[in-house]
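Colleague: Listed here are the chains, written in short residue letters.
Protein chains: 2
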Amino acid sequence: MQSGSNLKNTSPLIPAVDATSNVLMIASSETDANIYYASHFLAPDPFIYLQAHGRSTLLMSDLEVDRARAQSKVDDVLPYSEYESRAKASGVTAPGLCDVLHIFLEEKKVGEWIVPANFPLRYGDTLRKLGHTLITKIEPFFEQRSIKTDAEVQSIREAQVSVEEALDSTLDLLRHAEIKDGFLILEGEKLTSESVRRHLDIALMEKECIAQHTIVSCGIDACDPHNEGSGPLRAHQSIIFDIFPRSNRSRYHSDMTRTVLKGKAPDKLKRLYDTVLEGQLLGIEGVRADKNGREIHQEIVACFEKKGYQTGLIDGRMQGFFHGTGHGIGLDIHEPPRISKTDHILQAGEVVTVEPGLYYPDIGAVRIEDMVLVEKEGCRNLTTYPKFLELE
Amino acid sequence: MQSGSNLKNTSPLIPAVDATSNVLMIASSETDANIYYASHFLAPDPFIYLQAHGRSTLLMSDLEVDRARAQSKVDDVLPYSEYESRAKASGVTAPGLCDVLHIFLEEKKVGEWIVPANFPLRYGDTLRKLGHTLITKIEPFFEQRSIKTDAEVQSIREAQVSVEEALDSTLDLLRHAEIKDGFLILEGEKLTSESVRRHLDIALMEKECIAQHTIVSCGIDACDPHNEGSGPLRAHQSIIFDIFPRSNRSRYHSDMTRTVLKGKAPDKLKRLYDTVLEGQLLGIEGVRADKNGREIHQEIVACFEKKGYQTGLIDGRMQGFFHGTGHGIGLDIHEPPRISKTDHILQAGEVVTVEPGLYYPDIGAVRIEDMVLVEKEGCRNLTTYPKFLELE
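Residue numbers (our numbering), protein chains in the order written: chain A, -14 to 377; chain B, -14 to 377.
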């Protein structure tokens, strides 16, 4: 799935964050990958993570303190209620989160705290008023998160195996369908984006992968890259499958797009498909450590333009190749780096997608996406699903 | 599912946010319910929402601009790239998000912007440096979000119907299982937390509800309220089912907990169950507009204490009733208000859970949870699933 982020890959203004940094985070690990990465503890409500003098600490509510001790990977789990009592003893009658945290931060005698760019503004204002210095750092907050360990690559690949198995069983529905009046009919019913997506999402759930917003979009719908698709699928038109679940076991994502068609592809669509495939293979060929992602993106753009596929506003809507080439993937579906018009020097160990697409309402839409692991001399493709337009 | 939040229900320091307020948000609507509530537009990457002089606007990337125009409920959708060009024309060579937003904000000539408490600190710092005034407001950011419309209540109830159907088909697995050596055996296999949870989650997915972290926990596991449960289920021990999916259609949640047992309940556990049920019914009876949630919570605490069930640290772990009585529910699984030791005057239209529990490792764990709609003279129970301990 392509990224529509406007966040820039500018260099951080402060040093890399590592185990020796003084770090403060307040977030729910269910929605914030940085606090999950640092704590390996999953909780639905926001909690406090702190790293100081080489030790990591969670400040947890009574409800979570025992589970955090058993499940998290931090050095210390301390009860929030204890510091709440101390805040009250210090004279605050109804201490809020920052009053409680203040007691805790004072103990640490740290000059500056590094916080993520998305640290909540209200807590930031209050803690600064209480005399603490907070310095924000943009993504990647933990540089290390971009460089996947073998275990992380394995988690991504495991999720990808589930995606490939689920897509295969789903395409069988299309394979077994008959074409009647331009629709795909299986067991007397029209196949729709909704019914096919439900089949895919259930197949993924059976493999403990949670899929949300899976794209099964056909024809004109697919010309809007984030349109999830709705209504009956049609023969002889391209159908985009963009599948990007999170593994419930590991919390890592995978991400793959295939474009297929039931029936016979019009020549113009065949040529569009071949061009996107050529661009995608060119992109994969370009991925290696020390290469600038911007160059990879531009090579694909140039390839498309050379074949006569222009990008821009045509008849009041964006057409052509109007998204980036790829994005990092891991605990978040979209994470740094981006492969786009912005500079980024690729590093060994990054896992990125390569997913160019071309979208023309009068021809159709094609996007093809693999995930690759950046290596010193090239890359390893973590996606093994075949690429074809017409279903056999 | 009970809330472990430390956020206080203190009164906002600024007036209610409504359609006439000047509001700025930057977030992904996939993870931030406020920006979804205001825009009704779902996107995986952060985008900009602005409300000024009575008009609402989205500033969207080229990738999303067409879809946002078709799907969102805002007055205007403007292309980010247009303001990016204007920022460049004004002399910024590589404009970041705040440089682009600055051009846009200047146009609006607004004195103060109200932003959510979780507005990203880095953007806050940068916009203030550029001369803009940002005032944070704590939850509920939109007061109106707490007071559910009929359509919202209907969405919650629809999700709840799916939960009840899914639990019913799941309990059939337990009903049909045989007890052998204390385990539950179905078709030659031991039923486990994992296998039963998978059945439940798939049944929910078939109804387009996305369940994550569904709790199916047995015996000692269940004494830790957020433990999801693992390993074989056991006969004659309580099993907690806490089910809180999001509807894929409406994005609203439902939340229900039932405690059941296969086999014969020991007397001590039966008495624990009856006590929790008594407390829960007392809680539901107490819910009505203008009642203080703290009183409801205290009534349940007193009921448990009167029966001899103490709460606190026993043998180094929290035992008894050590979480709140309930929480608001809607686009977020946990949202204001809380029914807990903190003051909150209930208002008609709020949808809250009532979910006391008692947890003693030497007896077992029991939690029972319904969702109710606060009304002028009482409440309407949105949960219709029966309550029983022993499976027939």
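These aren't lab readings, by the way, just hints derived from the structure by calculation. Keep in mind that the hints are not guaranteed to be accurate.
Stated by the list, open to error - In silico lysine-lysine, DSSO-like type, Cα no more than 27 Å apart, as pairs:
id	chain 1	residue 1	chain 2	residue 2
1	A	K93	A	K114
2	B	K276	B	K253
3	A	K114	B	K255
4	A	K192	B	K192
As the list claims (entries may be wrong) - Have a look at the derived ranges for each label pair, beta carbon to beta carbon:
id	chain 1	residue 1	chain 2	residue 2	range
5	B	D259	A	I132	28 to 38 Å
6	B	H38	A	L298	54 to 64 Å
7	B	K58	A	L298	18 to 28 Å
Said to hold, decoys possible - Facing chain A, from chain B, some residues (calculated, C-beta under 7 Å):
id	residue
8	D47
9	L48
10	R52
11	A102
12	L106
13	G109
14	T121
15	P125
16	E128
17	H211
Predicted model only: the values in this text are computed from it and were never measured. Each residue gets a CB set at the ideal place from its N, CA and C atoms; glycine is no exception.
Colleague: Given a cut of 7 Å on the nearest C-beta pair, is the interface hint for T121/B held or broken against chain A?
Modeller: Holds, about 4 Å.
Colleague: So, P125/B near chain A? Judge it on the closest CB pair being under 7 Å.
Modeller: violated, 14 Å
Colleague: Given the hinted pair K93/A and K114/A, is their Cα-Cα distance within 27 Å?
Modeller: holds, 18 Å
Colleague: At a threshold of 7 Å, is the proposed contact between A102/B and chain A supported by beta-carbon distances?
Modeller: holds, 4 Å
Colleague: Was the hint right that G109/B lines chain A, CB cutoff 7 Å?
Modeller: For G109/B, the interface hint holds, since the closest Cβ of chain A sits about 4 Å away, which is under 7 Å.
Colleague: Given a cut of 7 Å on the nearest C-beta pair, is the interface hint for L48/B held or broken against chain A?
Modeller: holds, 4 Å
Colleague: Taking only the CA atoms, is the gap from K276/B to K253/B under or equal to 27 Å?
Modeller: Given that 27 Å is the threshold and the Cα spacing comes to 33 Å, the pair is violated.
Colleague: Against chain A, with CB atoms and a cut of 7 Å, does the hint on D47/B hold up?
Modeller: holds, 5 Å
Colleague: With a cut-off of 27 Å on the C-alpha distance, tell me whether K114/A and K255/B pass.
Modeller: The hint is violated at about 53 Å.
Colleague: With 7 Å as the cut and Cβ atoms as the points, is H211/B at the interface with chain A?
Modeller: holds, 6 Å
Colleague: Can the hint on R52/B be confirmed by a CB-to-CB distance to chain A that is less than 7 Å?
Modeller: OK, holds: R52/B within 7 Å of chain A, min 5 Å.
Colleague: Holds or violated: is there a CB of chain A closer than 7 Å to the CB of L106/B?
Modeller: Holds. Min distance 4 Å.
Hint violations for this structure: numbers 2, 3, 5, 6, 15, 16, all remaining hints satisfied.
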